[in-house]
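Protein chains in written order, with this note's numbering: chain A, 1 to 287; chain B, 288 to 598; chain C, 599 to 1078.
These are computed hints drawn from the structure, not numbers from a lab.
Treat each hint with caution, since some may be false.
[Said to hold, decoys possible] Only pairs whose alpha carbons sit at most 16 Å apart, straight line, appear in this in silico EDC-like list of lysine to aspartate or glutamate:
1. Lys676/C to Glu603/C
2. Lys635/C to Glu650/C
3. Lys18/A to Glu29/A
4. Lys325/B to Glu796/C
5. Lys547/B to Glu603/C
6. Lys738/C to Glu29/A
7. Lys1023/C to Asp452/B
8. Lys18/A to Glu190/A
9. Lys329/B to Glu603/C
10. Lys850/C to Asp868/C
11. Lys1007/C to Glu986/C
12. Lys1023/C to Asp480/B
13. Lys672/C to Glu650/C
14. Lys298/B to Glu475/B
15. Lys1057/C to Glu1003/C
16. Lys191/A to Glu29/A
17. Lys191/A to Glu222/A
18. Lys627/C to Asp735/C
None of these values were measured; they are calculated from a predicted model.
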Amino acid sequence: MKMAISPSGRIDVLKTYKLFIGGAFPRSESGRVYAIKDFKGNHLANPSLASRKDLRDAVVAARSAFSGWSSATAYNRGQILYRMAEILEGRSEQLVTEIVALEGVTPRAAALQVQQSIDLLVWYAGWSDKISALAGSTNSVSGPYYNFSTPEPIGVVAIFAPAKPSLLNLIAAIASVITSGNTAVVIASEKFPLPAITFSEIMATSDLPAGVVNVLTGSGSELAPWAASHMDIDAIDASGLTPKQLQETQVAGAQNLKRIRVNTDLESPARILSFMEIKTVWHPIGI
Amino acid sequence: MIIDSSESSLKAFLQTLPRVDEVGVNARAAMLATRSIKTTSKAWAIDTAISMVDLTTLEGADTPGKVRAICAKAVRPDATDLSVPSVGAVCVYNDMVHIARTTLDQIGGKAIPVAAVATAFPSGRASFAVKAQDTKDAINAGAAEIDMVIDRGAFLSGRYGEVFDEIVKIKELCGDKAHLKVILETGELVTLDNVRKASYLAMLAGADFIKTSTGKVAPAATAPVVLVMLEAVRDYFAMTKFRIGVKPAGGIRNTKDAIKQLVLVNEVAGPEWLTPQLFRIGASALLNDLLLQRMKMRDGYYASPSYVTLD
Amino acid sequence: MNPFEYAPALESTSIVTIADRYKLFINGKFVAPRSGKYFPTINPATGKKLSEIAEANSADVDLAVKAAREAYVKVWSKLSAAERGKYLFRIARILQERAREFAVLETLDNGKPIRESRDTDIPLVAAHFFYHAGWADKLKYAGLGDQPKPHGVVGQIIPWNFPMLMLAWKVAPALATGNTVVLKPAETTSLTALLFAEVCQQAGLPNGVVNIVTGAGATGAALVNHPGIDKIAFTGSTDVGKLIATSIAGTKKNATLELGGKAANIIYDDAAIDEAVEGIVNGIFFNQGHVCCAGSRLLVQENVQDEVLAKLKVRMSHIRLGNPLDKNTDIGAINSAAQLAKIKELSAAGEAEGAERWSPPCDLPAAGFWFAPTIFTGVSQTHRIAREEIFGPVLSVLTFRTPQEAIEKANNTPYGLSAGIWSEKGSKILWTASKLRAGVIWANTFNKFDPASPFGGYKESGWGREGGRHGLAAYLKAGK
Chain A
1 MKMAISPSGR IDVLKTYKLF IGGAFPRSES GRVYAIKDFK GNHLANPSLA SRKDLRDAVV
61 AARSAFSGWS SATAYNRGQI LYRMAEILEG RSEQLVTEIV ALEGVTPRAA ALQVQQSIDL
121 LVWYAGWSDK ISALAGSTNS VSGPYYNFST PEPIGVVAIF APAKPSLLNL IAAIASVITS
181 GNTAVVIASE KFPLPAITFS EIMATSDLPA GVVNVLTGSG SELAPWAASH MDIDAIDASG
241 LTPKQLQETQ VAGAQNLKRI RVNTDLESPA RILSFMEIKT VWHPIGI
Chain B
288 MIIDSSESSL KAFLQTLPRV DEVGVNARAA MLATRSIKTT SKAWAIDTAI SMVDLTTLEG
348 ADTPGKVRAI CAKAVRPDAT DLSVPSVGAV CVYNDMVHIA RTTLDQIGGK AIPVAAVATA
408 FPSGRASFAV KAQDTKDAIN AGAAEIDMVI DRGAFLSGRY GEVFDEIVKI KELCGDKAHL
468 KVILETGELV TLDNVRKASY LAMLAGADFI KTSTGKVAPA ATAPVVLVML EAVRDYFAMT
528 KFRIGVKPAG GIRNTKDAIK QLVLVNEVAG PEWLTPQLFR IGASALLNDL LLQRMKMRDG
588 YYASPSYVTL D
Chain C
599 MNPFEYAPAL ESTSIVTIAD RYKLFINGKF VAPRSGKYFP TINPATGKKL SEIAEANSAD
659 VDLAVKAARE AYVKVWSKLS AAERGKYLFR IARILQERAR EFAVLETLDN GKPIRESRDT
719 DIPLVAAHFF YHAGWADKLK YAGLGDQPKP HGVVGQIIPW NFPMLMLAWK VAPALATGNT
779 VVLKPAETTS LTALLFAEVC QQAGLPNGVV NIVTGAGATG AALVNHPGID KIAFTGSTDV
839 GKLIATSIAG TKKNATLELG GKAANIIYDD AAIDEAVEGI VNGIFFNQGH VCCAGSRLLV
899 QENVQDEVLA KLKVRMSHIR LGNPLDKNTD IGAINSAAQL AKIKELSAAG EAEGAERWSP
959 PCDLPAAGFW FAPTIFTGVS QTHRIAREEI FGPVLSVLTF RTPQEAIEKA NNTPYGLSAG
1019 IWSEKGSKIL WTASKLRAGV IWANTFNKFD PASPFGGYKE SGWGREGGRH GLAAYLKAGK
């Protein structure tokens, strides 16, 4: 992020921001990028401008990762989310710098946002093996049947997180979706995309299996309709869409009855449950 | 005998076999995989594993040159160390049997049998006439062991009698010229209950060995599958006093894998099975890894692949 | 002669450093006991002394309780729940890092095989801390109201059979729910608890949140009776559990007790027989049978008794008994001379009462405490070996004819901790489970533990549950 020549005369190695798909960092297949400026108007970076084909590829990656991630033990998933928090803690400084540059907040406020994001990640890590105790049940039906209900992950969730605070909203969305076993395709905020890519680097080094989370940077308004109509996306976290975009998404999403949510609470198990289905099983009791 | 050879009686018998709990088998296999085999027992295990290898080449691209190369390897796996035992058998397609047999005889490998895959290996999808001819050709060319495949389509659709009859007839063709291994293709049978049923079916029909796989389908010889098959031969011996052999094939790539197989034999079927007469390992790349481990034990430092031959 | 005799595969002990002597851990520091007294702790596989442990008297206990109280009032209760959780996550991660060290030390002090410490005990220990760390800031979802409150200072007394695992079962939920702890480990197995004190220091846990007072029965009694303790958690024998229940009568103290058992392991004729046999072996020979929930009574359906016993005997002949540090050992040493004497006494009673005794041929090492895996057949309900907890590798075999008879016999005990059911028929499993008066029921498996799964007994097997959402109730008072 440092653009100026430092007092010693050393030239910084500037960072390139690419997409995060299937555990790798490709450029957009379209070859497009767009310029991001800091809050003062200075040039910051040229992140990829993702195309609908990048979105298509991300969904394929997320779908193929779903079987393994949802059948991993909850303990394992929780540990991986906690590991992300460990690594995020260590890389705080880079994220603080990005948030200050993009959002124009003070370093103190940015640092606080990063700390809250780390703690939120830890909070969601601790839910993976407890959500079924909260939302599952054995049901007292009339008849000699053992009947239980258990929440299960839905599948592939597309995420449009609110723009500001950029990192905190991103983590609330990602963690609440994947802790239960879902996989995700994140369309990062158009104006503040950089923390999403830096966080992708953190996810890539945290033992998170490839494809569990995929991150695209670019135009939300260009990509939203493609996500909304994609028949292999099961649900959408639409918290970052405008009301008009939300309505259009709901119309297109009706084609495969996507579960479309607007989640306002950052920290809530209801957010986790909004991307789960309840399965109920009957079994006779008798000799 | 426990049953008559009618299809319904066979089916009824197979249904009475106790079920297999998959989670329990996986747990036992995992526990046995933690056995730590060191020093003298490791040295014994490596040499025993070498002597149990059915050194295999089953490719469409097999040529006389390729077959001669593996015969040389079979007789003298390590040209620089004559204390290395020779392998259990050489395993080829039936049109390569003649070359294999004559080559082995010429280079001091008279004691090494040639095993031929037969009965429209690997799929088993052909008329019985073709399967029978396949078998006869192999035996006439000098194969002392026939590795046949069962008809998985017939098994999975419940025509156990057909599967049984085919094995009986192939066994008749083998006569006293060849021993018969029956490949269950466990990867296609999928469940351990099916593996148990198919094991008993093959043994009742006259198999001398039950074999896990063709090596062309994954998963092949996983530990849980081999465990269930070892239980089958153990229990069959208790019932009948006949010892049937077991051959895992496919997926056993390194010394660690091979030693895990020997531990399974030791603790599930029993030490009586720890001989090439009753246990073989179908493999190709495994042999070099066994040699590398043997070198390390002999010399005390880690070996390099440059020091074993690629054939 | 088996040509495949496994050569010794010893785990190295160089990863562990054992001090000559250990003091008490109070208020974040190691302090000498007021009594000045120390007692030896030995390796039960060799009989050799490992170290000396401090003997805490009532003055020491008083110091520890005061430290726990101060830590509770001034620090722990003021910390946000999320921060509390983060300390527990740190502890979990350090336990994972030092897992091998803990496993070796546990084996040396307890006598259990290294494979068990390494693959079962210690991984579960880390998992318990990890699981409970995540509850710390989610207590309003525990089903105890919006703002459940901790008790304050809890006194915890744990047994010698799973020293670190029992520590984790006690300390992790207590801390997660906001309590502070005074823990008394068993006198024959204190070393891993004292190593845990180091982990608390490495994690930066505030002083006084965890205190460890070592000693025997008198130390435990001092802790139970101390007026500054708000709640007791005890795992151990039913006899001592009853003593504790008596001593706290009339006080405001809460107690949870996890006591003995005489579990029935029911094998129906439609069981997956080979896996059932494995389940029998795991049920009673795992951890040398030193397990409260051990499947110590085999209830086998009479029409498959011969087949099951024949397979069981073959399977038992493959059990490897010997040096616990050998990675291939299945059964290790009996924990103490006292326990060995008890096992021998009850086994002799079994023979005297007419049951038939069988063990596979077994070479017992000369030094240390050892007992061969043993089964008694022809046992009936009136035999002592069918009623009393032996706490050793001894299985009593009884038969039943119908499911109803299995239930009657299984429930015909003052205990009610656990039970096993083996059948391939789902409805029968569920019916049997619904009829069994036991707190933990394993179907087609045995001795499976998980921090998310509540554990505890009916009747004289104790009060309360440990683990899972239900286990939190022991450490909280419902609020709002």
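Each hint, compared with the structure:
1. Proximity of Lys676/C to Glu603/C is assessed by CA-CA distance (about 60 Å); at most 16 Å being required, the pair is judged violated.
2. Restraint check: the Cα-Cα separation between Lys635/C and Glu650/C comes to about 10 Å, which is no more than 16 Å; the hinted pair holds.
3. For the given pair, Lys18/A sits about 11 Å from Glu29/A by alpha-carbon distance, which is consistent with the 16 Å threshold.
4. Of the supplied pair hints, the one linking Lys325/B and Glu796/C is violated, its CA atoms being roughly 34 Å apart against a limit of 16 Å.
5. With a C-alpha separation of about 14 Å, the suggested pairing of Lys547/B with Glu603/C holds against the 16 Å cut-off.
6. Among the hinted pairs, Lys738/C with Glu29/A is inconsistent with the structure: their alpha-carbon atoms are about 48 Å apart, more than 16 Å.
7. As the CA atoms of Lys1023/C and Asp452/B are separated by approximately 33 Å, the hinted pair breaks the 16 Å bound.
8. Taken as a hint, the Lys18/A and Glu190/A pair is honoured in the structure, with Cα atoms around 14 Å apart against an allowance of 16 Å.
9. With a C-alpha separation of about 10 Å, the suggested pair Lys329/B and Glu603/C falls inside the 16 Å cut-off, and the hint holds.
10. In summary, the hint linking Lys850/C to Asp868/C is not supported, as the alpha carbons are separated by about 50 Å, beyond the 16 Å threshold.
11. For the given pair, Lys1007/C sits about 14 Å from Glu986/C by alpha-carbon distance, which is consistent with the 16 Å threshold.
12. The straight-line distance between the Cα atoms of Lys1023/C and Asp480/B is roughly 15 Å, inside the 16 Å bound, and the hint therefore holds.
13. For the given pair, Lys672/C sits about 34 Å from Glu650/C by alpha-carbon distance, which is inconsistent with the 16 Å threshold.
14. Between the alpha carbons of Lys298/B and Glu475/B the distance comes to roughly 20 Å, so the proposed pair goes past 16 Å and is violated.
15. With a C-alpha separation of about 20 Å, the suggested pairing of Lys1057/C with Glu1003/C is violated against the 16 Å cut-off.
16. In summary, the hint linking Lys191/A to Glu29/A is not supported, as the alpha carbons are separated by about 21 Å, beyond the 16 Å threshold.
17. For the proposed pair Lys191/A and Glu222/A, the alpha carbon gap of about 14 Å is at most 16 Å, so the pair holds.
18. A distance of roughly 28 Å separates the Cα atoms of Lys627/C and Asp735/C; the hinted pair therefore is violated under the 16 Å criterion.
Hints 1, 4, 6, 7, 10, 13, 14, 15, 16, 18 from the earlier list are contradicted by this structure; the remaining hints agree with it.
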